[in-house]
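Engineer: Below, each chain spelled out in residue letters.
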Amino acid sequence: MADAAIAAEGLGKRFGPVAALDGVDLELPAGGVLGVLGPNGAGKTTLVRILATLLRPDRGRARVAGFDVARHPAAVRRRIGLSGQYAAVDPFLTGQENLIMIGRLYGLPRRQARRRAAELAGQLELDGAAGRLVRTYSGGMRRRLDVAVGLLAAPPVLFLDEPTTGLDPHGRLALWQVLGELGAHGSSVLLTTQYIEEAERLAGMIVIIDHGTVIATGTPARLRAQAGADRLDLQSPPGHDPRRLAGALSALGTAEPAVDEATGRVVLPVADGPGILPEVAARLAAAGVQVSGLTLRRPTLEEAFLALTGQPASRTRPPRHDASGPAAAPARPAHGTQSAR
Amino acid sequence: MITVAGTAARPGRPAPILADTATITGRNLRRLVRVPTLLVLTTVQPVLFVLLFTYAFGGAIHVPGVARYIDYLLPGIIVLAIGFGSSQTGVAIAEDLSAGMIDRFRSLPVTGTAVLAGRVAADALRNLFVAGLMIAVGAAIGFRFHAGPAAALAAVALAVAAGLAFSWLNLLLGLVVRDPESAGLAGLFPVVILFFTSSALVPVATMPGWLQAFARANPITVITGALRALCLGGPATGPAAEAATWIAALLAITVPAAIARYRHAAST
Numbered sequence: 001m002a003d004a005a006i007a008a009e010g011l012g013k014r015f016g017p018v019a020a021l022d023g024v025d026l027e028l029p030a031g032g033v034l035g036v037l038g039p040n041g042a043g044k045t046t047l048v049r050i051l052a053t054l055l056r057p058d059r060g061r062a063r064v065a066g067f068d069v070a071r072h073p074a075a076v077r078r079r080i081g082l083s084g085q086y087a088a089v090d091p092f093l094t095g096q097e098n099l100i101m102i103g104r105l106y107g108l109p110r111r112q113a114r115r116r117a118a119e120l121a122g123q124l125e126l127d128g129a130a131g132r133l134v135r136t137y138s139g140g141m142r143r144r145l146d147v148a149v150g151l152l153a154a155p156p157v158l159f160l161d162e163p164t165t166g167l168d169p170h171g172r173l174a175l176w177q178v179l180g181e182l183g184a185h186g187s188s189v190l191l192t193t194q195y196i197e198e199a200e201r202l203a204g205m206i207v208i209i210d211h212g213t214v215i216a217t218g219t220p221a222r223l224r225a226q227a228g229a230d231r232l233d234l235q236s237p238p239g240h241d242p243r244r245l246a247g248a249l250s251a252l253g254t255a256e257p258a259v260d261e262a263t264g265r266v267v268l269p270v271a272d273g274p275g276i277l278p279e280v281a282a283r284l285a286a287a288g289v290q291v292s293g294l295t296l297r298r299p300t301l302e303e304a305f306l307a308l309t310g311q312p313a314s315r316t317r318p319p320r321h322d323a324s325g326p327a328a329a330p331a332r333p334a335h336g337t338q339s340a341r
Numbered sequence: 001m002i003t004v005a006g007t008a009a010r011p012g013r014p015a016p017i018l019a020d021t022a023t024i025t026g027r028n029l030r031r032l033v034r035v036p037t038l039l040v041l042t043t044v045q046p047v048l049f050v051l052l053f054t055y056a057f058g059g060a061i062h063v064p065g066v067a068r069y070i071d072y073l074l075p076g077i078i079v080l081a082i083g084f085g086s087s088q089t090g091v092a093i094a095e096d097l098s099a100g101m102i103d104r105f106r107s108l109p110v111t112g113t114a115v116l117a118g119r120v121a122a123d124a125l126r127n128l129f130v131a132g133l134m135i136a137v138g139a140a141i142g143f144r145f146h147a148g149p150a151a152a153l154a155a156v157a158l159a160v161a162a163g164l165a166f167s168w169l170n171l172l173l174g175l176v177v178r179d180p181e182s183a184g185l186a187g188l189f190p191v192v193i194l195f196f197t198s199s200a201l202v203p204v205a206t207m208p209g210w211l212q213a214f215a216r217a218n219p220i221t222v223i224t225g226a227l228r229a230l231c232l233g234g235p236a237t238g239p240a241a242e243a244a245t246w247i248a249a250l251l252a253i254t255v256p257a258a259i260a261r262y263r264h265a266a267s268t
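Protein sequence lines, in the order shown, are assigned to chains A and B. At position 63 of the first sequence the residue is numbered 63 (our numbering), and the sequence of numbers has no breaks. At position 134 of the second sequence the residue is numbered 134 (our numbering), and the sequence of numbers has no breaks.
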């Protein structure tokens, strides 16, 4: 496709015995936002590194902004921006100095680099901190600076590699807001993430990868339908039988409820979203069953994988919250420990 | 609102390697004054070298034909201070590799040559400062140039040129070993070995016979000898040419090797 921002065919990359990528095809139309969703170790970072010319694929081809990444890396580099967990900023420079340096290296004249740095610091709400050394920044400020660096040259193609991994919910929301505005402005964005919500919120098209292969592609709505509906997460009070709770509600689910007798936790896939809650309350009252916690949430990445593939995600799974079983079920997916590729 | 379109970097501009080198030099100079270790290596260590070697060894060592030991000593320890400082260059490039700065630079339209040259240029400015500082401290405790201002300038230039070769060598080492701590050791080891088997502290003639041959061929002896000739007077052209040959030979090997290594370092 001549006008695709990114077109990759059969990308493969091995590191010793491990196939980090095993034949990945994907396409990002110009102006679109593509979410690459997958657990740690799925191959997301390897994919971004290849598309950003940092790594040569063993096989397959990729064009970014119209240029082949292996044959014309210099042309690609003039047209991309990269924000990610591994492409660093210098902690011993101030935010502003980092931005100006990157601007100069993109070839902006000094005055323009300075103006652009100030502009981006304002847009990403870093103005107050722009004069401070980056080593004093919080995680959220650091990520916003990463994003600003990626945007510096107003690149036609922007890579955002796990932009919110490790941020607290507040920082994540703030960054989503910024990235959402970005999507509305016509640059093509490839975003990798471990968070279903993030992909749904920011991307027009989602590719799910695991073990270096694409296991599903589609619009958020389609994948949402395939990945199963929302989950009703219920907690039985101590001393109560969670099977009674599950029994009272099982007719409302789109599948059998999962019951964890050790922790008293019940997870039920449901179809109608919040509309189902009055019915839940009515049935609980009728059956005389008590609950100590109730959350309606999106499926976690693991649950979506299970629905899409019939198999759990990834070999390097982060510790699951239901193993320790806190009563308040998280409304967000479980955090992974962060590691590249 | 985030503006994305508009200020795009000009595709197709010719590689402005000098401007990029200057930008990266500026970054490294800022780090030099902000990272405490680097600042100490640049300011405190050279002063300590002058004072410690002069007062600890100066009383015991008498070099025939030289009135004051510091006149004999200073050229050698300038080379030592520059050699020690250069080991930080290997550490820095290894840190940049592991911290992702090299990935950042490689994702930009910047050549590896500019990234490495910007490192070396910052080192050269640091070395100029170090040499000047050591000469100033040495002068305060008795050091004098005996061969006139032109020779003195030539001596400083030769010391800085030797630093270029050390920097490129350490860049190569840092890119090969990749781990910052190992890079520091790998950089210090040759300096320490070569320094103490050279004429930097004592005349080669005082060494046992088997060591003399090695000490005479040692590049630190050659470079120190040329610096000394330029500082103390006497025939300097021959030693300076020999030192320049050593430096040029080192650069001819390390510069292309380091650039080639950089291209591969992050892509594996």
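Don't take every hint at face value.
[Said to hold, decoys possible] Here are the in silico distance ranges between beta carbons for each label pair:
# : chain 1 : residue 1 : chain 2 : residue 2 : range
1 : B       : Ala150    : A       : Asp58     : 39 to 47 Å
2 : B       : Asp179    : A       : Arg59     : 49 to 57 Å
3 : B       : Ala150    : A       : Gln112    : 51 to 59 Å
4 : B       : Pro256    : A       : Phe15     : 24 to 32 Å
[As the list claims (entries may be wrong)] Far from chain B by the CB rule (all over 12 Å, computed), these chain A residues:
# : residue
5 : Gln85
6 : Leu105
7 : Thr217
[Stated by the list, open to error] Which stretches of chain A does chain B cover? Using the computed rule of at least three CB atoms under 8 Å from a CB of chain B, they are:
# : segment
8 : 96 to 103
9 : 236 to 242
No wet-lab data here; the hints were simulated from the structure. Where is the CB? At the ideal position from N, CA and C, for every residue including glycine.
Engineer: Taking the hints in turn, state whether each one holds.
Structural biologist: Now the hints, each set against the structure:
1. Between B:Ala150 and A:Asp58 the Cβ separation comes to about 59 Å, which falls outside the hinted range of 39 to 47 Å.
2. At about 30 Å, the CB distance of B:Asp179 to A:Arg59 disagrees with the hint of 49 to 57 Å.
3. The hint said 51 to 59 Å for the Cβ distance between B:Ala150 and A:Gln112, and at roughly 44 Å that hint is violated.
4. Remark: the range hint 24 to 32 Å for B:Pro256 to A:Phe15 is upheld by a beta-carbon distance near 28 Å.
5. With 12 Å as the threshold on Cβ separation, the claim that A:Gln85 sits away from chain B is violated: the shortest Cβ distance comes to roughly 8 Å.
6. Separation of A:Leu105 from chain B is inadequate, the least Cβ-Cβ distance of about 5 Å not exceeding the 12 Å criterion.
7. Annotated as non-interface, A:Thr217 keeps its C-beta farther than 12 Å from every C-beta of chain B; the closest such distance is 25 Å.
8. Counting residues of the segment 96 to 103 of chain A whose CB lies closer than 8 Å to any CB of chain B gives 3, which reaches the minimum of 3, so the coverage claim holds.
9. A count of 0 residues in the segment 236 to 242 of chain A with a Cβ less than 8 Å from any Cβ of chain B is obtained; the coverage claim is therefore unmet, three being the minimum.
Of the numbered hints listed earlier, those contradicted by the structure are 1, 2, 3, 5, 6, 9.
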